[in-house]
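Visitor: Okay, here's what each chain looks like letter by letter:
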Amino acid sequence: MSNIVGIEHDRVTNTVSTDFPGYSIEANNEFDIEEFKKKFQINISYITERTANFDLIGIDTSIANAFRRIMIAEVPSVAAEHVYVFNNTSVIQDEVLAHRIGLIPLKVDPDTLTWVDQTVDEKDRFTDDNTIVLSLDVVCTKNPNAVPGDNRAENLYRNSNVYAKDLKFEPQGRQTETFEKNPVVPCDPNILLAKLRPGQEISLRVHCILGIGSDHAKFSPVSTASYRLLPVIDILKPIAGSDALEFQKCFPSGVIDIKENGEAFVKDARKDTVSREVLRHEKFNGKVKLGRQRDHFIFNVESTGAMPPEEIFFKSVRVLRNKAEYLRNCPIGNLN
Amino acid sequence: MSKRKSSHSHMTDTNNKNSKSSATDDGFGELLQPVYKGKTLTDPINTADDKWNLLPAFLKIKGLVKQHLDSFDYFVDTDLKKIIKANEKVLSDVDPEFYLKYLDIRVGYKSNGNPKNIEVLLPPHECRLRDLTYSAPIYVDVEYTRGRKIIIHRDLEIGRMPIMLRSNKCILSGRNENEMAYLNECPLDPGGYFIVNGTEKVILVQEQLSKNRIIVEADEKKGIVQASVTSSTHERKSKTYVVTKNGKIYLKHNSVSEEVPIVIVLKAASIVSDLEIIQLICGNDSVYQDLFAVNFEEAAQLGVYSQKDALEYIGRKVKTIRRMNAPKLTILQEGIEAIATTLIAHITVEDLDFREKAIYIAMMTRRVVMAMHNPKLVDDRDYVGNKRLELAGQLMSLLFEDLFKKFNNDFKANLDKILKKPSRASEFDALLHINIHSNNVTTGLNRAISTGNWSLKRFKMERAGVTHVLSRLSYISALGMMTRISSQFEKSRKVSGPRALQPSQFGMLCTSDTPEGEACGLVKNLALMTHITTDDEEVPIRKLCYMLGAEDISIADSATLHTNGTFGVYLNGTMIATTRFPIQFVAKFRHLRRTGKVSAFVSIYTNVHQSAVHIAADGGRICRPLIIVEEGESRVKAEHLLKLKQGAWGFDDFLINGLVEYLDVNEENDSLIALYEKDIIKATTHLEIETFTVLGAVAGLIPYPHHNQSPRNTYQCAMGKQAIGAIAYNQFRRIDTLLYLMCYPQQPMVKSKTIELIQYDKLPAGQNATVAVMSYSGYDIEDALVLNKASIDRGYGRCQMLRKNTCVLKRYPNHSKDIVTGMRVNEKGEPIFQHSALGPDGLGEVGMRIQSGQVYVNKCVPTNASEGVVGGQPGINQQQQYREAPMVYRAPEASYVDQVMMSVSDNDQALIKVLLRQTRRPELGDKFSSRHGQKGVCGIIVQQEDMPFNDQGICPDIIMNPHGFPSRMTVGKMLELVSGKAGVLDGSLQYGTCFGGSKLEDMSKILVDKGFNYSGKDMLYSGITGECLQAYIFFGPIYYQKLKHMVLDKMHARARGPRAVLTRQPTEGRSRDGGLRLGEMERDCVIAYGASQLLLERLMLSSDAFDVDVCNTCGLMGYNGWCPSCKSSENITKMTIPYAAKLLFQELISMNIAPRLKLSDVF
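In order, the protein sequence lines correspond to chains A and B.
So for the first sequence, my numbering puts the first residue at 205; every next one is plus one.
So for the second sequence, my numbering puts the first residue at 3; every next one is plus one.
This is chain A alone, in the form it adopts within the complex (with noise of 0.2 Å):
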């Protein structure tokens, strides 16, 4: 079987990998890490600070998915947890406002921090170890220097919008020293948080904590993991001459060119959005077959920013070695 997902105008065929052992006599589909090595392949787009665009190509649907799927609710980042709110005369609710601070990605290595044991007594539960605390001490006031005629809230008031840059980091115990280099600082720092008039004042406690994405979406460390099937399009009788520009148009820019003979060609298809535009045409009908390489993954990890996106899927490869690694000890994988 090709290993090609079919998109057909009205469905998706061949969606199921069938190389696995004891799917059919002819071949045997046993893993080979040999071969595996051989064919696996690991190509880069592109990396920056909060994505990453690379492609997995020879690896099987289920073990991407579960990279996908770790980043996304199993790798640990922190994230607040508890609020101490003092006093709050904003207009805005104090769950609400808790809720709004605990979305913020911090920018904390997760490594650096130990995970709170839930089973301590309250009041020991939190150490330097385990937690980050921050502050959010405001007061809205009038501005003395206001310019006459402009009554935009920034100029009339001070500390009329909360963001989350206001959040300070208070180091405790031995944080002095383990954050002195990288201090604890919301990834995003204009993320509006509450909007004051004067009079009014936010004084509150932030506990920031380990924990993972399946949780609480808080923890999750990107905003999305995902992937792609790379787009297979098979030309299978030429198309020329003012069709050939009609095909092009079915497409997005760059995928499909035109010789120059007016035949159109396929020059790159990882940039088709495979909007299957081409299967509403009649006159197509029979020359173009669309597809999707079933194992050529095009992964887009976007990070929250806590992380570089790069480290977030290693820590997932680490974390799916760590559930193999378990899966392996347990007793029921030591039967035979």
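No wet-lab data here; the hints were simulated from the structure.
Backbone N, C-alpha and C fix where the C-beta goes; we use that ideal spot for every residue, glycine too.
Hints may contain errors.
Said to hold, decoys possible - Some chain A residues judged to face chain B by a derived CB distance under 7 Å, without partners named: (1) 295; (2) 300; (3) 456; (4) 458; (5) 479.
Stated by the list, open to error - With a Cα cut of at most 16 Å, we get these calculated EDC-like pairs of lysine to aspartate or glutamate: (6) B:83 <-> B:403; (7) B:84 <-> B:539; (8) A:399 <-> A:370; (9) B:1019 <-> A:214; (10) B:1052 <-> B:1075; (11) A:372 <-> A:419; (12) B:87 <-> B:145; (13) B:1019 <-> A:212; (14) B:378 <-> B:539; (15) A:475 <-> B:1011; (16) A:453 <-> B:1011; (17) B:247 <-> B:299.
What the hints assert, rightly or not - Now the in silico label distances, taken between C-beta atoms and shown as ranges: (18) A:392 <-> B:505: 29 to 39 Å; (19) B:784 <-> A:399: 40 to 50 Å; (20) A:350 <-> B:116: 32 to 42 Å; (21) A:399 <-> B:124: 21 to 31 Å; (22) A:375 <-> B:827: 34 to 44 Å; (23) B:124 <-> A:343: 30 to 40 Å; (24) B:124 <-> A:375: 25 to 35 Å; (25) A:399 <-> B:185: 20 to 30 Å.
Chain B: place on chain A using the hints.
Guide: Just chain B now, with coordinates in the frame of chain A:
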């Protein structure tokens, strides 16, 4: 907006007060801005597309609740003065010299004050918070005699009038957004309601059959034709019938004991000659003459020939209800009295000239004769043109007149009492006695509005449920309530007619918005662009008719009345003139109306069947504006629309310049209205302004409603009112009994023009959820939804519930009073658990978490509140003893204190309101709905990584089961998804306006351009396996509303708990922690299965098992092994029976029935 005051004639003034619409920034300004929605002034004007701009212009001056405001303004400014005029003098039976005369009446300002500065005690929001009534004083000017002198006294306060919010007597009228904010009011709040004792009360619009109009009906089974007219005057209300009986025609009236032959009635009304009778009724038509001729016989048989005979005949039949001291009348006088005042009371007889009334009765008879001849010539009761809407102003005016009369009667009785006394020390001043009762008017008005009971003895009117508490569940629910119309028909009657959708509702009443169930079709809603008329003066219109060449009926010859080609001119149902040129007459009249010489709300139309020209100037007709078309061309041209866009012209300018006019239902029926400009033909008289105005404000929220099955739109109208969202700009300042708020409401991706007009986009109730239409997990059957956990974590569907808890600190007659005490502490000095949320003042501290069992107001009540009322010495107050009576929080989930308010209520008692808040994230079982009547509960919450995702990595917030589509046929929802998706990709908001909106082709084009499939279906990957799904999934944003029904408020279970005192059975209902009933049907199942022990256990042992001692000798029950009736303990058997059975036996015994138990062994 231009503020041109129109050069109206005096008739139009009352209705067009609104034209001076002030500089309120109500958001319409934005709609009329030079650049709006990407359109600038320089863009070419397309009359077909841009004429919709008339709609915001209309709403700017009219608003959505203008009918309420207009009606109240009319009542306060005009009707009050009329009432005063009608009841102007108070005379004394004792002192003939004495009189008191009301000169003027004003609400809210003194004679030297400025009508613009209304004296209200407090701003409306403070009234809401402090449980007070938002009212203004009613001042009267009186003239009366004191001794020999005549004294004029001004500004006498006779009571306080509740003020309708945003009416011209309200301090909010004409305020801009900043001033509104200063007064803690929401600028988007429509007003139109009252605040009485702190609750917002709406007087719903009442629908009824029109007054003073002839309605002809036929009962084909019984062969009866009847014409009836309900006469309504200030004094009385009565109904007169002209009915057929055995082919003869009679007149029937409540105060006439039996039916009177019609010929006798006419003879009594001074139409003596038989020839004139037949001329008046039948004209020259021989068919009618044959039908009617029988009636003469009966009169002749009864020996009635002259007017005197006839009057005496009627006089004998009249039921006389005389007041005690009225003089007794002769039979002839009774007859004259009956004709003059009782029959058809709305036509007044002057100087015993009965002719007008005779013609009226003759016309009724003619209509009966016509219907006898041609059964099709009957009227339709359900036709909207035969309906009148009664608004707050009319109801208030009835109430006020009643109270004012009572006030005057009381005053007079008081006067007489004092004047009777022969000697008085000082000179008598009537004013000293007027103030004593001044509370009657105030409390009467307040009570009627707060209870909704309108009981007016004068009209035998006893109506309950006239007012309703304004529903503040969402902005839409409040708005929907203001446009609601309730019908007078009984809900239990099984007639479909009044409930059916009437074709004449088009454009007047919303075709979708009606509740389901018993009130279906009886409760209606106004369409978007409607106006309800108020009364106009009749006299000038009558004069105008004569000037236009119509011949006065009082000088018309009876013989010519019904000649061919002669049309009667009827003003408010009464024939006032005839004309031989009806078309010309109507055209001229319309011309005068279009030039503003006649009020814009006077309607005129011809009825060919009746050969009649009807002019209606009465209040309560629904009408709507339409563009005038002349010579096959719309009168509204590009240049006019340009002026509108530039702001040089307002809606009134279109009216004055004769480009637009108001048509009521009857006149609409006489016009040919083109839906679109392209449909105009030569005969067209009018053009619709916008097609989507067939719907009302609530139905206007639905995107693409014209693609939905109609009941779905109706369902959405009901559900839109339950959606949680933003309520008003002042929502955080409000302390309502129950308030639901959404944390992050969004305006819909696919909106409609109505949404912009009613500013739903500023106070939305819902969020745009990315929806995948696919089946997933099996927890999505029966419309259940699958929610994404990460979306919920990030704030999707998060809402808050605020509940008010009120506590009054009472004062007792013995000078003791309730107090609030501080917290109690344990031995460590920490507050005890119950008091841990309290502050030192004994009130819950703002921000504290309150769990079940904790106290939030630590109230204490004096133990001896009833003692020492009389002999209490205030000087020596021994230590007052108090008993704790705290307000304890009891609920499964904890709350937080949001606000604490302390104030003083009306009667000087301290009022404490504590607002408790819960923040709720969506959970299993919470109810959601899209805007297409597709509701569903959350069936499962799924982790984000398990959710399907597309190429971009987007995963849905909601997965909806595709089985929701085929049977519901909500194509509008699919279009909403495609348009929404295109909007998201394009960065634009799309429109789903009814009969318009963004076109599917355009949307598909955007999708394709952005690299998506044209159909909105994407290839998705399974989140669980990571493989591609084999079907393409319909995937995109749909606006979802979270409805107020949440699991947390409904969940209930019980193992053991309270029992009812009387029966000892478990209590019923969640609020009483009741048991779950094993009902009859469940019982039947258990019986059928034969599980007798289960039955015994469920129905007795777990319910109300009771051990009784039964005496085998007498079969009665004893106690403690002793039978009191046998006086022995020999044959006593102990057994278990349900307590309810024991109770039954005892109740039977108490009725002298002895139920005797005969016990024997079963095995």
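Visitor: Are the hints correct? Go through all of them and say.
Guide: So, going through the hints one by one against the coordinates:
1. 295: holds (6 Å)
2. 300: holds (6 Å)
3. 456: Where the cut-off is 7 Å and the nearest Cβ of chain B is about 5 Å from residue 456 of chain A, the hint holds.
4. 458: violated (12 Å)
5. 479: Given a least distance of 5 Å, the restraint on residue 479 of chain A holds.
6. B:83 <-> B:403: Since the Cα atoms of residue 83 of chain B and residue 403 of chain B sit roughly 11 Å apart, the hinted pair holds (cutoff 16 Å).
7. B:84 <-> B:539: holds (12 Å)
8. A:399 <-> A:370: Holds, because 13 Å separates the two Cα atoms, which is no more than 16 Å.
9. B:1019 <-> A:214: The given pair, whose Cα atoms are some 10 Å apart, holds under the 16 Å limit.
10. B:1052 <-> B:1075: holds (12 Å)
11. A:372 <-> A:419: violated (26 Å)
12. B:87 <-> B:145: Distance ~13 Å between residue 87 of chain B and residue 145 of chain B Cα, so the pair holds.
13. B:1019 <-> A:212: holds (13 Å)
14. B:378 <-> B:539: Violated, at roughly 34 Å.
15. A:475 <-> B:1011: Distance of about 14 Å is within 16 Å: holds.
16. A:453 <-> B:1011: holds (9 Å)
17. B:247 <-> B:299: The given pair, whose Cα atoms are some 14 Å apart, holds under the 16 Å limit.
18. A:392 <-> B:505: 29 to 39 Å: The hint (29 to 39 Å, Cβ to Cβ) is violated, given that residue 392 of chain A and residue 505 of chain B are roughly 59 Å apart.
19. B:784 <-> A:399: 40 to 50 Å: At 43 Å between Cβs, range holds.
20. A:350 <-> B:116: 32 to 42 Å: holds (36 Å)
21. A:399 <-> B:124: 21 to 31 Å: Holds: the Cβ-Cβ distance is about 29 Å, inside 21 to 31 Å.
22. A:375 <-> B:827: 34 to 44 Å: holds (37 Å)
23. B:124 <-> A:343: 30 to 40 Å: Holds, since residue 124 of chain B and residue 343 of chain A (Cβ atoms, about 32 Å apart) stay within the stated range.
24. B:124 <-> A:375: 25 to 35 Å: violated (53 Å)
25. A:399 <-> B:185: 20 to 30 Å: holds (21 Å)
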